[in-house]
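In terms of our numbering, the sequence shown opens at residue 1 and continues consecutively.
Among the hints, a few may not be true.
Now the in silico label distances, taken between C-beta atoms and shown as ranges [said to hold, decoys possible]:
{"no.": "1", "residue 1": "R366", "residue 2": "E541", "range": "30 to 40 Å"}
{"no.": "2", "residue 1": "D912", "residue 2": "R788", "range": "50 to 60 Å"}
{"no.": "3", "residue 1": "R404", "residue 2": "T727", "range": "26 to 36 Å"}
{"no.": "4", "residue 1": "G794", "residue 2": "D252", "range": "37 to 47 Å"}
{"no.": "5", "residue 1": "P428", "residue 2": "E541", "range": "25 to 35 Å"}
{"no.": "6", "residue 1": "D729", "residue 2": "H425", "range": "23 to 33 Å"}
{"no.": "7", "residue 1": "G279", "residue 2": "L48", "range": "25 to 35 Å"}
Keep in mind that the hints were calculated from the coordinates and are not lab data.
Using N, Cα and C, we set each Cβ at its ideal position, and we do this for glycine too.
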Amino acid sequence: MTAQTPPTPPFRDTALPFAKRIDDLLSRLTRDEKTGFLHQFGPAVDRLGVAAFRTGQEALHGVAWMGPATVFPQAVGLGATWNQELVRRVGEAVSREARAMRARDERVGLNVWSPTVNLLRHPLWGRNEEGYSEDPRLTSAIATAYTHGLRGDHPVYWRTAPVLKHWLAHNNETDRDTCSGSVRPRVLHEYDLRAFRETVEAGAVAGVMPAYNLVNGRPNHVSPHLREQLRGWTEQDLLVCSDAGAPSNLVDSEHYFDTHEEATAAALRAGVDSFTDHGTDSSVVIGRVRRALEQGLLTEADIDAAVRRQLSVRFRLGEFDPAADPYAGERAFDTPEHRALALEAAEQAVVLLRNDGVLPLAPDARVAVVGLLADECKLDWYSGGLLHRSTPLEGLYERFGADRVEFAEGVDRVLLKTSAGTFLHVPPAPDGPGTVRGAEGTLDPALLAGRTDLPPLSTDAAGTELALVDWGEGVLTLRAPDGRYLSVAEDGYVRASADQPGGWVVQETFRLEPHGDGHLLRHLGTGRHVQVAADGVKVAEQNPEVFGLVVAERGEDAVTRVAARADVVVVVAGNDPHINGRETEDRTTLRLPAQQELLLGAARAANPNTVLALVSAYPYALDPADLPALLWTAHGGQAAGTALARVLAGDVSPAGRLPQTWYADDSDLPDLLDYDVIGSRQTYLYFEGTPLFPFGHGCSYASFSYGELTAEVDAATVRAGFTVTNTGDVTADEVAQLYARAVDPSVPRPRRELLAHRRVTLAPGETAGLSFVLPLSDFAFRDVAAGRWRVEPGPYELLAGASSEDVRARATVILEGEPAAPRPVVERGLDAVDFDEQRGTEIVDRTRTAGDSVTPVAGEDGELLFRHCDFGTGVTEVTVEVSGGGTVEFSLDGGPVLAALSPRAPTPGPYDYTTLRASCPVTAGVHDVRLRLRGPLRLARAGFSG
Numbered sequence: 001m002t003a004q005t006p007p008t009p010p011f012r013d014t015a016l017p018f019a020k021r022i023d024d025l026l027s028r029l030t031r032d033e034k035t036g037f038l039h040q041f042g043p044a045v046d047r048l049g050v051a052a053f054r055t056g057q058e059a060l061h062g063v064a065w066m067g068p069a070t071v072f073p074q075a076v077g078l079g080a081t082w083n084q085e086l087v088r089r090v091g092e093a094v095s096r097e098a099r100a101m102r103a104r105d106e107r108v109g110l111n112v113w114s115p116t117v118n119l120l121r122h123p124l125w126g127r128n129e130e131g132y133s134e135d136p137r138l139t140s141a142i143a144t145a146y147t148h149g150l151r152g153d154h155p156v157y158w159r160t161a162p163v164l165k166h167w168l169a170h171n172n173e174t175d176r177d178t179c180s181g182s183v184r185p186r187v188l189h190e191y192d193l194r195a196f197r198e199t200v201e202a203g204a205v206a207g208v209m210p211a212y213n214l215v216n217g218r219p220n221h222v223s224p225h226l227r228e229q230l231r232g233w234t235e236q237d238l239l240v241c242s243d244a245g246a247p248s249n250l251v252d253s254e255h256y257f258d259t260h261e262e263a264t265a266a267a268l269r270a271g272v273d274s275f276t277d278h279g280t281d282s283s284v285v286i287g288r289v290r291r292a293l294e295q296g297l298l299t300e301a302d303i304d305a306a307v308r309r310q311l312s313v314r315f316r317l318g319e320f321d322p323a324a325d326p327y328a329g330e331r332a333f334d335t336p337e338h339r340a341l342a343l344e345a346a347e348q349a350v351v352l353l354r355n356d357g358v359l360p361l362a363p364d365a366r367v368a369v370v371g372l373l374a375d376e377c378k379l380d381w382y383s384g385g386l387l388h389r390s391t392p393l394e395g396l397y398e399r400f401g402a403d404r405v406e407f408a409e410g411v412d413r414v415l416l417k418t419s420a421g422t423f424l425h426v427p428p429a430p431d432g433p434g435t436v437r438g439a440e441g442t443l444d445p446a447l448l449a450g451r452t453d454l455p456p457l458s459t460d461a462a463g464t465e466l467a468l469v470d471w472g473e474g475v476l477t478l479r480a481p482d483g484r485y486l487s488v489a490e491d492g493y494v495r496a497s498a499d500q501p502g503g504w505v506v507q508e509t510f511r512l513e514p515h516g517d518g519h520l521l522r523h524l525g526t527g528r529h530v531q532v533a534a535d536g537v538k539v540a541e542q543n544p545e546v547f548g549l550v551v552a553e554r555g556e557d558a559v560t561r562v563a564a565r566a567d568v569v570v571v572v573a574g575n576d577p578h579i580n581g582r583e584t585e586d587r588t589t590l591r592l593p594a595q596q597e598l599l600l601g602a603a604r605a606a607n608p609n610t611v612l613a614l615v616s617a618y619p620y621a622l623d624p625a626d627l628p629a630l631l632w633t634a635h636g637g638q639a640a641g642t643a644l645a646r647v648l649a650g651d652v653s654p655a656g657r658l659p660q661t662w663y664a665d666d667s668d669l670p671d672l673l674d675y676d677v678i679g680s681r682q683t684y685l686y687f688e689g690t691p692l693f694p695f696g697h698g699c700s701y702a703s704f705s706y707g708e709l710t711a712e713v714d715a716a717t718v719r720a721g722f723t724v725t726n727t728g729d730v731t732a733d734e735v736a737q738l739y740a741r742a743v744d745p746s747v748p749r750p751r752r753e754l755l756a757h758r759r760v761t762l763a764p765g766e767t768a769g770l771s772f773v774l775p776l777s778d779f780a781f782r783d784v785a786a787g788r789w790r791v792e793p794g795p796y797e798l799l800a801g802a803s804s805e806d807v808r809a810r811a812t813v814i815l816e817g818e819p820a821a822p823r824p825v826v827e828r829g830l831d832a833v834d835f836d837e838q839r840g841t842e843i844v845d846r847t848r849t850a851g852d853s854v855t856p857v858a859g860e861d862g863e864l865l866f867r868h869c870d871f872g873t874g875v876t877e878v879t880v881e882v883s884g885g886g887t888v889e890f891s892l893d894g895g896p897v898l899a900a901l902s903p904r905a906p907t908p909g910p911y912d913y914t915t916l917r918a919s920c921p922v923t924a925g926v927h928d929v930r931l932r933l934r935g936p937l938r939l940a941r942a943g944f945s946g
């Protein structure tokens, strides 16, 4: 007899819809097996043939951390292209390489944690490089393009499954796991949620990752908005993956819950489906889940909901259908097409900020290229390893010939003299290829150790001349003549061992501290000083060496020398993405570091034909008045140098546009932790000062004229159109931008707001007609009085042009909209958070699970203003719901205090509310309500009756 083939279980049946297959698989899993799936590293279930699964693969601008891959420009550089089709192709290339890399290394994941859609609200944020723009619409447009490329175009199966980072309102590294952003409802809906919502609604997002910070007093990992907002934007199951270590932070640093069981249960019920905590060791998290189940804090249905969302992603990735997966055979990696795309993206990311005619460079120009970034191709924390490398110097050599290009890095060449009269000596490296950090790939590059196979530094009579690179704020790197950076490994010895500064804790940075007639050399990674010992140079707690600094050559002297011999000087300045502004570290100033200002000044003094090319992850504030040309590009990936050289030479006309405002001075910036873009007038939307360069700005080697802006309104849309003509002599791209503003708004509205844009390529004399169909919802704002979006009736001005400030054409449309209505306070009362204006308050959590309250900023009295409150025929009583202790004072229309309400004693805790009542006759009609908060109380709402 022939043995019968066992029947195919329904979860393996490709004829069934995913939902039924997931139901079947869930029913076959035991509770312990399902619980095991909740950790980032989910184990295999061998009895069912279910493989192990890992959530999370970094892929922000190329596959990261898993060894070499094609490296595209940083995300902020992709944002500067303003080109959705280009970014879609980049996303496609990244996802194809992820599939190809996984085919040879199963550690490479297909659940990619990218893109980052946090808005670039504040330019001092350390992770500015990870976002696309300060504008929510531009951010969502670029993110939507990238996620569509990552997802692929098959109607059922996904090439990779993108997860958006970092939910929600996350723009600071300072105290990032303990600080809370106060985000009023209008800012929440019109600004921070919008970039997520429009990207999710576009249909190519598999999930989100909550951020480390708190919003309105509540950690994002227990945010009610995951349930109330996110999951309502799409019918697809969305996978919510925690950030690394964040579940433990709920207890350990945030002290939001007393036990990890409570915290884990709360996060799971709030919507977190996968816990990234304790690295590859799942036992801690799984133990917490099991104890939470035993304590009745969770049900098996809670676990099923999370596992279902995880399985939904796995099914979409084709894991259970290898024969049907259209992407299973993907092997495209480092293809000629990907290399060409990396160059194209880097070229399109270059922004020409200013040009008095020195650019493009003459074909026969003798060029001096100088500066700390002139011969660098820098990577960031979320980069892959370089397969190819192009620096600005190499690009200019290739374009103009090495005989016409001269180079000076501009670093100080120094010897470090010990108190014994000897000098620090770098032993020669052994023959053989050097090791590049992370070249073999790693699941967690934070765990990569420094090299200990090289001899430590010693001392001798001659010493080794070191390149001292000053990155600003006293942070230095020291580099040996062969290019190796001084670094400290776990054994504490100082070696010339790193190819570049890098790592989660950078071990290649130092600070010279004046001490007597010399300097102590502090290693910043360990906080210890450098000591010279018999067995080598090391860092230690005691007996630091006092060094004399012997300068063999000053960087500005070398710059002056080569600049004076050139026809034109290109100064390449900027940042190292691992130093002074990165994940875990915000910047402190917009200013260019002093040493780089010095080099720029030396170049300009020697040669007025000086071009400044800024290569950086963020904006700077500087005086461009004496610069004939100024460019900016983010770190552009593997083709950065070639791209910059081609733009300088005029092979490509620059058409990148600024994705965020460049402010003129630090004084233009709000506090880093002030998230109220409306109240503190942040970003181009509300900023009323004069920027150094405005949002959307960028120059070209061509010129463009704009035709008349036409606009028509129908029942559901505004149709707008205009023409753009290339009036220059070269083929070039123009980024045409369409903005709108409410002419006579009843509440503060943006000065202008980007509605649409189009990047077009035009030959000399060519004209393109551009048309846009804008839904009326594009003109809406979040009406806090009504608790919903509303289009206000009246005139709206449309503005077409080359930037947010360079307006070339205008048109006005009249929208019928919905008239404002007074607040029906007798029927609905007033939620404290729905104020129109405030002073001296912050928003906090009403309970641990939902709702907002308002409290005075510590040590101050707070005030809330609610306009146009309809008291009907009048009331006789006012009530307030408060916790804590203090006083709420009630007044109308700027008049005297009509009632003061205080609890007899403070309530036991911040979530223990009590209702206070006071007699208070209020006449009929519409009034402005003012509530003054005194003392450490929380106000949830006010009511009116009688």
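These are the hints, each one checked on the structure:
no.	hint	result
1	R366 x E541: 30 to 40 Å	53 Å, violated
2	D912 x R788: 50 to 60 Å	31 Å, violated
3	R404 x T727: 26 to 36 Å	32 Å, holds
4	G794 x D252: 37 to 47 Å	52 Å, violated
5	P428 x E541: 25 to 35 Å	30 Å, holds
6	D729 x H425: 23 to 33 Å	58 Å, violated
7	G279 x L48: 25 to 35 Å	26 Å, holds
The earlier numbered hints that this structure contradicts are 1, 2, 4 and 6.
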